[in-house]
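Number of protein chains: 2
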Amino acid sequence: MLTITLLGTAATMPLPERALTAAVAECGGHSLLLDCGEGTQTAARRAGVNLMRADAICLTHYHGDHIFGLPGLLQTLGAQGRTRPLVLLGPEGLLEVWRAVYALTGPLPYAVKPLVCRAGQPVALDALSDGWPAGAMLLPVATKHRVRSLGYRLDLPRAGRFDPEKARALGVPVTQWRLLQRGQAVPLAERMVQPAEVLGAPRKGLRFVFSGDSAPCPALEQAAQGADLLLCDATYALPEQQEQAAQWGHSTFGQSAALAAKAGVKRLWLVHYSPMITDPEQQLAQAQSIFPAAECGFDGKRITLHYEENEE
Amino acid sequence: MLTITLLGTAATMPLPERALTAAVAECGGHSLLLDCGEGTQTAARRAGVNLMRADAICLTHYHGDHIFGLPGLLQTLGAQGRTRPLVLLGPEGLLEVWRAVYALTGPLPYAVKPLVCRAGQPVALDALSDGWPAGAMLLPVATKHRVRSLGYRLDLPRAGRFDPEKARALGVPVTQWRLLQRGQAVPLAERMVQPAEVLGAPRKGLRFVFSGDSAPCPALEQAAQGADLLLCDATYALPEQQEQAAQWGHSTFGQSAALAAKAGVKRLWLVHYSPMITDPEQQLAQAQSIFPAAECGFDGKRITLHYEENEE
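Top line first, the protein sequences correspond to chains E and X. Read in order, the letters of the first sequence are residues 1 to 312 in my numbering. Read in order, the letters of the second sequence are residues 1 to 312 in my numbering.
To be clear, the hints were calculated from the coordinates, so they are not data collected in a lab. Wrong hints could be hidden among the right ones.
Chain copies aren't distinguished; within one or between two, either way the pair holds.
Subject to a maximum C-alpha distance of 25 Å in a straight line, what follows is the list of computed DMTMM-like cross-link-like pairs (lysine to aspartate or glutamate) [stated by the list, open to error]: (1) 113 with 163; (2) 266 with 165; (3) 204 with 17; (4) 144 with 240; (5) 266 with 243; (6) 113 with 240; (7) 144 with 163; (8) 301 with 17; (9) 266 with 96; (10) 262 with 163; (11) 262 with 126; (12) 113 with 96; (13) 144 with 96; (14) 266 with 279; (15) 113 with 308.
Everything numeric in this text was worked out from a predicted model, so none of it was measured.
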């Protein structure tokens, strides 16, 4: 299962009741933080999310409202006793941003490992920590903002059903079953037992997409195909603001809804509201007329996505 | 008159209900911001303080909990249309900090003017804007932290009572009276009329002191003599934490109270609480046993200090 928590839903500047847009994806006691505007650490505390569990921070781009929370969060993690490394992901320009952040924080008691991402080149999450199921992947997606930007897709694959009878018949000790379930081969006396020998056909996994700042674009629509949850840029509420949205590389409520419909996602949460939008719920009906499962994001909103069948 | 608003009272890391320690001093529609930890811009909105009015940001030192709000605040002021310059004050090291902040913000639509301060060398506030009365001074004070640090004292002098009869007798046009009241000489046909010719003896002004992070020290005690309000480091609540406080360059509630008593201040507000202090009010009695006028600071606490007599 995968738990998504919205830490904030604001664009441009933080408001007292609306932190800057950031989200956390948690699985198996580990997590990814998506974007980190000023106040993200406080928003996480408010939402009851412990960012010490984060394996990585994934930045969509380097506008201030997405990164100015980094110095404070990194320092607080150190003050809280973090020693294990933290991966910092983002599009090109990451090293320059990290250099500037480091000039403010100075040395930290853990390593920060910047990793420049390119659209379409997935990052293996199971290599970051064992909180992620075998084959869990983070896919950077090319988005359409006014600066170089990425969205992120998180895919948690789900192995086929494990057949204990087959494992027993092959002579695999029970203590090794978990490895096979996680997709790893297991050595027996004379050969390696492959997971496929004891697992059924792969089952449907979970897919989560975070658009970052973007106008509607084919790559994002493609990446979001069949997603269980899409968090999508909804900077502008009104259809007549499409031109403005295009100019600034953002989307309207209606455009996000249309993209969600075309991508056939299960759930759409609108996020990244302009400070001009005082009550997003007032504008929701228009989005729902295009995509009925559209919902307004709000700070602290949370969902746990489960695999489709009730089986583990 | 001088209005002081506490934007936050936290040390080390921001908490959901306690922003990092920062304060605003407002006079005549202009203001100074004292320190700027992460979340200061949001705390200001919450407190109803418009930081567009700030002439300067005064930094006490460069630990993250005092400066990481700078990139976001500077960018937001630009987004809100600021074009007039902003002065950035702080001890040595300011240029390096400004360089790192600028690396994150990029160009802003107004000039930021860093001004390195030295203890004992006052900054003339009336040169920053006409919100400040003639002779208003900001005095950097040497404090005792584990890095180079300053406190700040704000002095608003008050001219003697203006005598309209004298001004009339000298032939000063009514339109020029305000200049004399502000301490400026006024040219008549043959000579300059000096303010002293139409003003009584200077009256008691207002004095406000912000300690920043500091252990008790003679320079701070000296600077705070007779202050109308002292905001003082009270990182630790308990008397038995004095050693820890000394080690980290901070003060306990009791030490701040003792300093306030020795300096003969009118009011003491305790600020900069360690995250370990969940309810500062529970520890206040001990401080009040030393200095009865001690109060706990809290986010949004505000006072308007008036000149002693009810005269303008």
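Just pull the numbers of the violated hints for me, sorted ascending. 1, 2, 3, 5, 6, 7, 9, 10, 11, 15
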